[in-house]
Each structure stands twice: as C-alpha cells, then as structure tokens.
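Number of protein chains: 2
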Amino acid sequence: MKRAVVLLSGGLDSATTLALAASEGYTCYALSFSYGQKHDVELAAAKKIARSQNVVEHRVMTIDLGAFGGSALTDADIAVPEAPSDGIPITYVPARNTVFLSLALAWSEVLEAQHIFLGVNAVDYSGYPDCRPEFIAAFQDMAALATRAGVEGEGVQIHAPLMSMGKDDIVKLGMRLGVDYSVTVSCYQPDTAGAACGKCDSCRLRAQGFANAGLDDPTVYA
Amino acid sequence: MKRAVVLLSGGLDSATTLALAASEGYTCYALSFSYGQKHDVELAAAKKIARSQNVVEHRVMTIDLGAFGGSALTDADIAVPEAPSDGIPITYVPARNTVFLSLALAWSEVLEAQHIFLGVNAVDYSGYPDCRPEFIAAFQDMAALATRAGVEGEGVQIHAPLMSMGKDDIVKLGMRLGVDYSVTVSCYQPDTAGAACGKCDSCRLRAQGFANAGLDDPTVYA
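Protein chains in written order, with this note's numbering: chain L, 1 to 222; chain P, 223 to 444.
Pulled out of the complex, with its shape left as it was, chain L reads as follows (with noise of 0.2 Å):
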C-alpha cells in the first residue's frame, strides 16, 4: 500500500493532482490549511473535492499566517491585482509552500506515509519562488535530514507532477480522471457565493488554460 498526503486547496491544479495520485493507487490523505486566506470558499470547495475523490481522510489545519501579513491573499489591506505584473506578485505568501510542506511532511511521518503530492506548477504560473522545481528538490533534500523516517528509512519522496506540464493540458489531464472542475475554486478574491473576479492573475490563468484546451469552463463568475 502506497500512502500519500495530498496538500489541496480547493483549486484546479491541486484537485487534479489528487485525482492522479488516487489514479496511480496511492491511498490518499488530503491536507488543507485555514491560514488566514480572505475567503475560505476555497475551503469548502477542497471538502467537496475530497469527499469526491475518496480520501481516508482530509484534515483541515488552522495555522494564521494572516497574522505576519505581506501578502494580498491574507491582508485585508493590501488589493488584489487586476493585471499582470513584474517580478514576484503581491499574492506571493512569504514562505506558503515551505509551511505547508512542513505540516504535511509531519503527517507524513505520523501516518508513515512515504509519498507528498502538491499541485505546483511552473509553467502558467504566477511567478512564486517556492513553485518552482529547485525549491521542491531542495525541500526534499531536507526532509530526508529533518525527520526520523529520513534517518532510519527512506525518506519521503515530493511529488509535483504538474511542475512542467501548462494549464491547458492539466485541465485535459483532469476532465480524463474524471474531476469535476465545477467545484473547485481558482479566483484570489471570489465573492461569498464563490463566483470568480474573472481579472486576477488565477482567473486568467484558469480562463486560457480551458480555453487552450478547448474545453468548456464551468467558472461561475460574479
């Protein structure tokens, strides 16, 4: 039997990450987090998604990043950009993935679970550094000196399998597995409801990659 935990966050990439783990026989344990995000209809949508797919079990953290600030997704006061911009956006959370990969490396190792999946993706993406191939392999380095499955096992093993792969073809991975793209939530500021902004970077990414696809989107937007 081959455990994994699955970090989902109600997403389009992390729903079709887990899908694919389910599909390759990994028996799943899905890890979301309550970090002080604006809005947490991405959090009922990572439930559906779970319930969907048929995890042993999906535990929702509460960890409040929101608290140190520094990013439009946590900081009320801080808008959410309507256009692309340079450099490394004002969406990045300091140190997001390196936390939640922590957390679920802890599980990991509770649940002797040999595997981690995570929906990062460095192609059409928003130019955060901890999504990109040299973040996740030198997270892995450490994790094999951090813990004691590292020590007297194997280690874990991170698995990004969307690293290099762009959005139009996560999206055809996807409708073949399966996922029901209507229950995931892309948008960084979506309304109460759910409806997507349709102007951020996230709604923009998810709007080409269907459309690359050929593929209906069934984004509901405000």
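It is possible that some hints are incorrect.
[Stated by the list, open to error] Partial selection, computed: residues in chain L whose CB lies under 8 Å from chain P:
id: 1; residue: P94
id: 2; residue: T98
id: 3; residue: F139
id: 4; residue: T192
[Said to hold, decoys possible] Some residues of chain L that are not near chain P, with every Cβ distance over 12 Å (derived):
id: 5; residue: D40
id: 6; residue: R59
id: 7; residue: G70
id: 8; residue: S102
id: 9; residue: H115
id: 10; residue: G214
id: 11; residue: L215
Derived from the structure by calculation, the hints contain no laboratory data.
Computed from a predicted model, the values in this text were never measured in an experiment.
Think of the CB as a built atom: it goes at the ideal place given N, C-alpha and C, for glycine as much as any other residue.
Fit chain P to the supplied structure of chain L, relying on the hints for placement.
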C-alpha cells in the same frame, strides 16, 4: 540594523541563544509555539525570558501538531521515558523543527529580517534528527529557493550557535550573558507549577550541564 527572528521555547538553550543574539547586536523578534505540547509552563517561561531580553516583539503562534500525534510530548497516551533509550526517542515530535523554522522563515520575510536563530545542539542532545548541523544547512539551502528574499536578495541565514557546544559551556555562556535560568523550564513533564521531574532526558542533560560547569542549577524539582 540586523534583525533576527529567534525561536524561543522557554528552555535553557533557546534562552541562551536569544541572549547571545542580543549581545551580538541583533534586533530580536521572538517566536514561540503553542503546538499541542502537554504542558504550557514552557510558554509562560518563554514570555518571561522575552521580556527580560527586551525583544521588539514576542509572538506565540498556535499550531496543533498534537493533532498528528506520534510523540510523547504531544500525545497524552504516550508516556515520557524516564531512562535513556537507543535511537531517536519517543519525545521526538515529527518534523517539529522544520515546521518551526518554516514559520520563522515566513515571519522573517515579512520583517525583512535576514537572520533566524535557534538553540539546537548536537552534543548533549536527545538524538533528534532535526537538531543536526546537516539538517540546518539543508534548511538554509531550501530557504534560499523558497522565498522572495532568497530570489531577489541574499536570503536568510540560519544561526545555530550552540550546535557544537556542550551543555556545561552553554550554561557558562548564558551566565556570562546574564541569563536568569531560574525562569527557564527544561523538563519534558513539569508539574503545573513548573517544577521539574528530574528523570526525563532533558532534566538529566540539564542537571549534568550545571554539574559539569560547577554552577548551581536553580531548577525546582517536584
């Protein structure tokens, strides 16, 4: 101005580390965690230490590592051992230092602090994988790739100044720096008043350190 985030547990090592960082001219921000440890007298100790060292800010983050279990320090069903054990002891908390450093990394990025201090020690220690120099080095390499600060600047430096010191030398250093060890709590299972058991690994290492240094240990035993 050199800003530093200092991990502060309330124990002897982190109190000494904070005093050392302050003595070297760092402007210190202390970070502690309510992580599901069985006792919270160590957090009360951390607050006293932070106050005595005039840190700019002391944050206590809540993060429920106890929900994962797997350690005598967080799981009420696992007893703290009262004799030395082979290998990695059951008091090891899965991925704890990785999680703590990740959150320090997040805060350091928002503060634009280029330094993180922690009091890990590989000499008189309990055999935890995440207290070894190779782990600290790997974390720093990972951090350089994880953050905006790493991509756009020099990244953060992780300081573990006690790494290769014996507990006796740590105590002597702290005494020179004026650390009030009477407020620190080292015991893995103190009573509600903070009195130490005198039997766990951590109590034994501390008592030995003071004895070897020829100094009086102000620890109150139950």
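Against the structure, the hints:
| no. | hint | result |
| --- | --- | --- |
| 1 | P94 | holds, 4 Å |
| 2 | T98 | holds, 5 Å |
| 3 | F139 | holds, 5 Å |
| 4 | T192 | violated, 26 Å |
| 5 | D40 | holds, 18 Å |
| 6 | R59 | violated, 7 Å |
| 7 | G70 | violated, 4 Å |
| 8 | S102 | violated, 4 Å |
| 9 | H115 | holds, 15 Å |
| 10 | G214 | holds, 35 Å |
| 11 | L215 | holds, 33 Å |
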